[in-house]
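Visitor: The residues making up each chain are set out below.
Protein chains: 2
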Amino acid sequence: MSLNLDSKNIDLASIDPDLWFTLLHLARRGGLRKGVFISTPELAKDLGTSQQTASRRILELEAKGYIKRSVTRKGQIVVITEKGADLLRAVYVALHDSISEALKSIVITGEVFTGLGEGAYYVSLNGYRLQIKEKLGFDPYPGTLNLKLTEPSDLYFRELLNHRAGILIKGFSNGKRTYGSAKAFKAKVKDIDAAVLLIERTHYGIDILEVIAPVNLRQALGLRDGDRVSVEVQLT
Amino acid sequence: MSLNLDSKNIDLASIDPDLWFTLLHLARRGGLRKGVFISTPELAKDLGTSQQTASRRILELEAKGYIKRSVTRKGQIVVITEKGADLLRAVYVALHDSISEALKSIVITGEVFTGLGEGAYYVSLNGYRLQIKEKLGFDPYPGTLNLKLTEPSDLYFRELLNHRAGILIKGFSNGKRTYGSAKAFKAKVKDIDAAVLLIERTHYGIDILEVIAPVNLRQALGLRDGDRVSVEVQLT
Chain P
227 MSLNLDSKNI
237 DLASIDPDLW
247 FTLLHLARRG
257 GLRKGVFIST
267 PELAKDLGTS
277 QQTASRRILE
287 LEAKGYIKRS
297 VTRKGQIVVI
307 TEKGADLLRA
317 VYVALHDSIS
327 EALKSIVITG
337 EVFTGLGEGA
347 YYVSLNGYRL
357 QIKEKLGFDP
367 YPGTLNLKLT
377 EPSDLYFREL
387 LNHRAGILIK
397 GFSNGKRTYG
407 SAKAFKAKVK
417 DIDAAVLLIE
427 RTHYGIDILE
437 VIAPVNLRQA
447 LGLRDGDRVS
457 VEVQLT
Chain E
227 MSLNLDSKNI
237 DLASIDPDLW
247 FTLLHLARRG
257 GLRKGVFIST
267 PELAKDLGTS
277 QQTASRRILE
287 LEAKGYIKRS
297 VTRKGQIVVI
307 TEKGADLLRA
317 VYVALHDSIS
327 EALKSIVITG
337 EVFTGLGEGA
347 YYVSLNGYRL
357 QIKEKLGFDP
367 YPGTLNLKLT
377 EPSDLYFREL
387 LNHRAGILIK
397 GFSNGKRTYG
407 SAKAFKAKVK
417 DIDAAVLLIE
427 RTHYGIDILE
437 VIAPVNLRQA
447 LGLRDGDRVS
457 VEVQLT
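So the protein sequences, as listed, match chains P and E. Heads up: the first sequence runs through residues 227 to 462, numbered per this note's numbering. Heads up: the second sequence runs through residues 227 to 462, numbered per this note's numbering.
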C-alpha cells in the first residue's frame, strides 16, 4: 500500500463520518495491505449497526471509489484503494498534528495581578535561584508575574500541570528553616523565554500561575493589573 | 494535555462517528491544549452540518464527559477532557497500526502453477545471481515458485508493486545478448525468507508473481499445482 506522503488537502468537513469509520474498520482488518474477506454480520458487529446498514456502507464506499470489491464463491473480498487510503490518511495527519502539539505544550491564559511578593522572595533565595539557572537556563529576575486564572478551561489546563513531572527544583535547608521543593515548566510569554513555577507549599490556590523569566515581564511587555496574558507551557 | 501512552482499550464499535468527528474538529482548533472559543456557525461549517446539529453535538459531548464547556460573555469556551483525548487516541492508535503495517508490507495470494522455466533460467545466470546474493542476501535456488493471481484484490496489490522502486537488479550483457533489468522485493513465504522478482521483459502478464528463495519452495513447503500460497512482500 503506497500511502503517499504528500498531503492531498482533503477538506475534513467533506468527509462522511459513518463512511470514514467503515473504512477504518476495513483498514483494521488489513484492507490496506491485502484483500479482506468481509461478511456482512462481522462488519455490522464492527460498526455497531444493522447488517442492512453495513451492506449499504460497503456499496457506498465502492461507488465513491474508496474500496474495490469482488464477490467470490466464499464471500466478498474488499481492498482499500489509493483514494480510500488518502481519506484515512487525511484524518490521521489532522489527528497527529493536534495530538503532537498537545503533547508538547498547553496554553494557559490569565489576568495579571499584583501578588504578595512570595514568589519574588523564593526566586531570590540562592537555594532556588542556582537550580533555576542550572535547570532552566536563565538567571531569574527576582520577581514573578502572577496570573489569576478565571476561565474554567484555563483552570483545567493548569490542573493538568499538577499531574506532570515537570523539572524538579529541590527543597533545601539554610540552617534556619527548610524550604519545600517546587517544579517548573519551561514556557514562553510572547517571545520571551520564561518558566512556570509550581511551589509545593504556597499560599496561593490553584487558580494562580506564577511565571518567572530572566527579565521583568511586567515591564518588558508593558503589562498592568487586569491585562490578559497567555503563557505557552512546555510539557516536555 | 497528558495523552496517556497506555491503551484504554476503547472498543471502536462503541464510538459514535459523528461525535468523534466533532471532537476531531475541536482538537484541530486546539482544544487539546487550550480553551477554544467556539461559535456554533463556525462549528457547523467545520462539520458540514446545520447549526442546530452542531449545537446538539456539543451538548452530547459535554453530557458524555468528552469536553468541558463554559459559557462566557463572549461565547462558549470548550476544552477536551482526558476522556475525550482517550477517545481521539483510540482511533489514532488503530489508524497508526493499520497504516504502519501497510507501509511495511502487503500480502499477495496466488495459486501455484508450473511455469515455462523462464525465471529459473534468469536466476541461474551469474549476471543476475550475483546481484541477488549481494542485494537480497541469499544465493537463489535456480528456479522460481510461480503464483497465478486470481482475485482482483491480489491483482490490485500486485499492481502496486509496479509503482514501487523495490531493489534494482541491473541488466547486463554477456557479449551474445543483453538482459534487461529487474526489480525485487524482499518477501516471506510462511517463515522462509524469499523475494518477489519483477522482470522487465517477461512473457508473463501482471497476473503472475515469481518468487525466489534460497531453497526450492515447492519442495520445502510440499506445494502442488493449484495450492494457494500467500506471500508477504516487504515494501521498504
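Hints in this document: simulated from the structure, not taken from any laboratory. Fair warning: this is a prediction, and the values are worked out from it, not measured in the lab. Among the hints, a few may not be true.
Just some of the chain P residues that point at chain E, by a computed CB distance under 10 Å [to be verified]: (1) Ile284; (2) Arg315; (3) Val333; (4) Leu356.
When the alpha-carbon atoms are kept at most 25 Å apart in a straight line, the in silico SDA-like pairs for lysine to any residue are as follows [said to hold, decoys possible]: (5) E:Lys361 x P:Ile241; (6) E:Lys290 x E:Ser326; (7) P:Lys330 x E:Lys294; (8) P:Lys309 x E:Lys290.
Each residue gets a CB set at the ideal place from its N, CA and C atoms; glycine is no exception.
Visitor: All hints are to be evaluated individually against the structure, with a verdict given for each.
Guide: Okay, the hints, checked on the actual structure:
no.: 1; hint: Ile284; in the structure: 14 Å, violated
no.: 2; hint: Arg315; in the structure: 7 Å, holds
no.: 3; hint: Val333; in the structure: 4 Å, holds
no.: 4; hint: Leu356; in the structure: 30 Å, violated
no.: 5; hint: E:Lys361 x P:Ile241; in the structure: 43 Å, violated
no.: 6; hint: E:Lys290 x E:Ser326; in the structure: 31 Å, violated
no.: 7; hint: P:Lys330 x E:Lys294; in the structure: 21 Å, holds
no.: 8; hint: P:Lys309 x E:Lys290; in the structure: 34 Å, violated
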